[in-house]
Amino acid sequence: MKKYLFYLFFLFLVLFFYLWQQVQVIRLGYKIELIEKEIEHYNNQNQYLRIKIGELTSLDYAEQVARDKLGMETAKNGEVIILPKP
Amino acid sequence: MNKFNKKRLLFCSLFSFFLSFAFTLRLVYLQLLKHKILAEQAKKQFLYFEQKEPLRGMILDRNGTIFVLSKEVDSCAAWPVIMKDRQSTAEQTAHLLNLQEQELKSKFFSSRLFLWVKRKLDSGEAEKIRNLNLSGVGLVKESKRFYPENDLLWHLLGRVNIDNQGISGIELAYDDLLRGKVIRESKERDGQGRKIRKSINTPTEDEKPKNIVLTIDKTIQHIAERELTKVYEQVQAKKAILLIQDVRTGEILAWVCRPIPGEDKWKHTPELLNNLVLSEVFEPGSTFKVFPAGFALEEKLTSPQEKFFCENGVFQIHGMKIRDHEKRGTLTFTEVLGYSSNIGMAKLGLRIDKEKIYPHLANFGFGRMSGLSLSGESPGIFLSEKYPQSRSALSLPILCFGQGIGVTAIQILNAYSAVANGGLLMEPQILKEIRNEKGEIIWQAQPLVIRRVLSEKTTQVLTEILEQAVEWGTGIKAKIKGYRIAGKTGTAQKFDFAKGEYSDTRHISSFCGYFPLPNPRWAILVIFDEPQTSNYWGGMLAAPVFARIVEEMVRYFQIPPGEIETKYAKIK
Chain Z
4 MKKYLFYLFF
14 LFLVLFFYLW
24 QQVQVIRLGY
34 KIELIEKEIE
44 HYNNQNQYLR
54 IKIGELTSLD
64 YAEQVARDKL
74 GMETAKNGEV
84 IILPKP
Chain E
173 MNKFNKKRLL
183 FCSLFSFFLS
193 FAFTLRLVYL
203 QLLKHKILAE
213 QAKKQFLYFE
223 QKEPLRGMIL
233 DRNGTIFVLS
243 KEVDSCAAWP
253 VIMKDRQSTA
263 EQTAHLLNLQ
273 EQELKSKFFS
283 SRLFLWVKRK
293 LDSGEAEKIR
303 NLNLSGVGLV
313 KESKRFYPEN
323 DLLWHLLGRV
333 NIDNQGISGI
343 ELAYDDLLRG
353 KVIRESKERD
363 GQGRKIRKSI
373 NTPTEDEKPK
383 NIVLTIDKTI
393 QHIAERELTK
403 VYEQVQAKKA
413 ILLIQDVRTG
423 EILAWVCRPI
433 PGEDKWKHTP
443 ELLNNLVLSE
453 VFEPGSTFKV
463 FPAGFALEEK
473 LTSPQEKFFC
483 ENGVFQIHGM
493 KIRDHEKRGT
503 LTFTEVLGYS
513 SNIGMAKLGL
523 RIDKEKIYPH
533 LANFGFGRMS
543 GLSLSGESPG
553 IFLSEKYPQS
563 RSALSLPILC
573 FGQGIGVTAI
583 QILNAYSAVA
593 NGGLLMEPQI
603 LKEIRNEKGE
613 IIWQAQPLVI
623 RRVLSEKTTQ
633 VLTEILEQAV
643 EWGTGIKAKI
653 KGYRIAGKTG
663 TAQKFDFAKG
673 EYSDTRHISS
683 FCGYFPLPNP
693 RWAILVIFDE
703 PQTSNYWGGM
713 LAAPVFARIV
723 EEMVRYFQIP
733 PGEIETKYAK
743 IK
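As you go down the protein sequences, you meet chains Z and E in turn.
The numbers in the numbering used here rise by one with no breaks, and the one at position 2 of the first sequence is 5.
The numbers in the numbering used here rise by one with no breaks, and the one at position 322 of the second sequence is 494.
I should point out that these hints are in silico values taken from the structure, not numbers from a laboratory.
Quick caveat: nothing in here was measured; it's all calculated off a predicted structure.
Every residue gets a Cβ at the ideal spot worked out from N, C-alpha and C, and that includes glycine.
It is possible that some hints are incorrect.
[Unchecked claim] As a list, the in silico EDC-like pairs of lysine to aspartate or glutamate whose alpha-carbon atoms are at most 20 Å apart:
{"no.": "1", "chain 1": "E", "residue 1": "Lys353", "chain 2": "Z", "residue 2": "Glu39"}
{"no.": "2", "chain 1": "E", "residue 1": "Lys411", "chain 2": "E", "residue 2": "Glu222"}
{"no.": "3", "chain 1": "Z", "residue 1": "Lys34", "chain 2": "E", "residue 2": "Glu222"}
{"no.": "4", "chain 1": "E", "residue 1": "Lys367", "chain 2": "Z", "residue 2": "Glu39"}
{"no.": "5", "chain 1": "Z", "residue 1": "Lys40", "chain 2": "E", "residue 2": "Asp676"}
{"no.": "6", "chain 1": "E", "residue 1": "Lys367", "chain 2": "Z", "residue 2": "Glu43"}
{"no.": "7", "chain 1": "Z", "residue 1": "Lys34", "chain 2": "E", "residue 2": "Asp676"}
{"no.": "8", "chain 1": "E", "residue 1": "Lys380", "chain 2": "Z", "residue 2": "Glu82"}
{"no.": "9", "chain 1": "E", "residue 1": "Lys313", "chain 2": "Z", "residue 2": "Glu41"}
{"no.": "10", "chain 1": "Z", "residue 1": "Lys40", "chain 2": "E", "residue 2": "Glu244"}
{"no.": "11", "chain 1": "E", "residue 1": "Lys653", "chain 2": "Z", "residue 2": "Glu43"}
[Unchecked claim] Simulated DEER-style distance windows between Cβ atoms:
{"no.": "12", "chain 1": "Z", "residue 1": "Glu36", "chain 2": "E", "residue 2": "Asn305", "range": "17 to 27 Å"}
{"no.": "13", "chain 1": "E", "residue 1": "Pro733", "chain 2": "Z", "residue 2": "Thr77", "range": "27 to 37 Å"}
{"no.": "14", "chain 1": "E", "residue 1": "Asn235", "chain 2": "Z", "residue 2": "Thr77", "range": "27 to 37 Å"}
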């Protein structure tokens, strides 16, 4: 009788472990999905910032700011002298 | 136990037995007989597949500046069959997205399960749709291409269609690399509709989109575009091209074509997607004189000091009158090139062996594809090389001053680079590296020598002649103080097919040159097609553009002036 009880207990343990594992798989499935969404959000944010950096560092924009806001103009030939490297 | 209790026990046992039996039968029926159908139904309810298109790869310049990248945006979609009030939904959606109400109503009253309302919305529009929370109208994520540098490098980068497939330029040529592979994942949904990930389907490195690094330098490209556009707009030319190449490696640093189709126009004018650098075939005119001249020097058929009588401006040969733009008497061969005399070059053509010169010119890449894997490239028109029977007595004399041959801009520039680098024809390169998502280099271009086309000694002599063409010849406006430059102007009359003769009013003005001498690093080609000005000469129109670009390039690359005083005295 004791032997059967032991087997029964062992079977119960295996079943319990299986159920626990299944619950964990589902729980982690939810978690992965949420984390993936978060990664996607940050990636998208990253791309948005890259676009902004690109727009703000574009030479067209820099030239426009230099000319219109800062009153700068292109150096004429002879105004910039490049010295030979020592 | 009394009799009554026994009966009750028996009744309960029998009731339990029959109940269990009934349940068991039902279970057997459901599990064994209806198993397949029910399992399918359940699967449909909780299991679904999601297709995920990865964000298309980026295109960068040689220093890592982003030219193009993708970002997820919202698209507005509708499911008419589940709409509660189609009339009001159509009205509200049309109002929010600035669409035609009637058109939208007819779409919403159809029996379609799914339809796009407006794709790739801006963030404001998407927010409005999200806040309105209409039944049967929602937002779907899609990716969109963004160009932080706006129209910079328009033709080379190319464009994608609404489904993110490359339709021109680099976007088309390297579509497979940039797109990556669509990932299909199976997911489950619980009772509340929440997603549960069942399997993780990670794409392999090969399946992921790649980033493409071009040989283009953003700053040089910007300078080139600015300077070319200024003159292009000023003279209202039909088309314009500007190319800059590293003569030692074949790498292209700037690639400019004009006109640029506007964002709304390009959809309707596919011919504007053509990459003029590769597809536009033109008669080069005097810029081509360099190559027969190189052949003649190589074969010792002439020397820089040899004198040619230039017939005071008009020379009749085989029934055709060849004219120079200025009346000249006797000129040395250096002066023939410096003053760009057609008569001098035609006379040189009379002594050249045609069996030798055609293969020689073909070796420069004329009549051949460039090796760039971009679509729409033309090999040019070099019939007299391919079909000897098409040659006439005039073919060679007129070829020597750039008529009777059709070339592309890339062919001319690459051939000049070969002269500049000492005689080696390099494969033109536009792709520098391919990088993975992490930025690691997975492929890198190496300079490729196609063949030697001229001896080093001949190229030195040719460079000396071309330097003089800039010092005192037709290319004088390409000269800048403190730097030694070699180059050649070109002003070609366009052939009028309606009249069957060369036009007096339609020209192609060009200048091709390289600098800084004595060790040239870059070659630049400037072309204007049909400029609407009386100053249509290559030396007047294209050479100054060349000079302004050189001025800025020497500043950008910090190249100190070389021999300030030229060693060539100006000929009066």
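Going through the hints against the structure:
1. E/Lys353 x Z/Glu39: The hint holds at about 19 Å.
2. E/Lys411 x E/Glu222: Judged against 20 Å, a Cα distance of about 47 Å means the pair is violated.
3. Z/Lys34 x E/Glu222: holds (18 Å)
4. E/Lys367 x Z/Glu39: OK: E/Lys367 and Z/Glu39 at ~11 Å, within 20 Å.
5. Z/Lys40 x E/Asp676: This hinted pair is violated, its Cα atoms lying about 66 Å apart.
6. E/Lys367 x Z/Glu43: Within the cut-off at roughly 15 Å; holds.
7. Z/Lys34 x E/Asp676: violated (75 Å)
8. E/Lys380 x Z/Glu82: With Cα atoms ~50 Å apart, E/Lys380 and Z/Glu82 exceed 20 Å; violated.
9. E/Lys313 x Z/Glu41: Holds - the C-alpha atoms of Z/Glu41 and E/Lys313 are around 15 Å apart, at most 20 Å.
10. Z/Lys40 x E/Glu244: holds (13 Å)
11. E/Lys653 x Z/Glu43: violated (55 Å)
12. Z/Glu36 x E/Asn305: 17 to 27 Å: For E/Asn305 against Z/Glu36, whose Cβ atoms are near 23 Å apart, the range 17 to 27 Å holds.
13. E/Pro733 x Z/Thr77: 27 to 37 Å: Taking Cβ atoms as reference, E/Pro733 and Z/Thr77 lie about 19 Å apart, which means the hint is violated.
14. E/Asn235 x Z/Thr77: 27 to 37 Å: Distance hint for E/Asn235, Z/Thr77 is violated at roughly 22 Å.
Violated hints for the displayed structure, listed by number in ascending order: 2, 5, 7, 8, 11, 13, 14.
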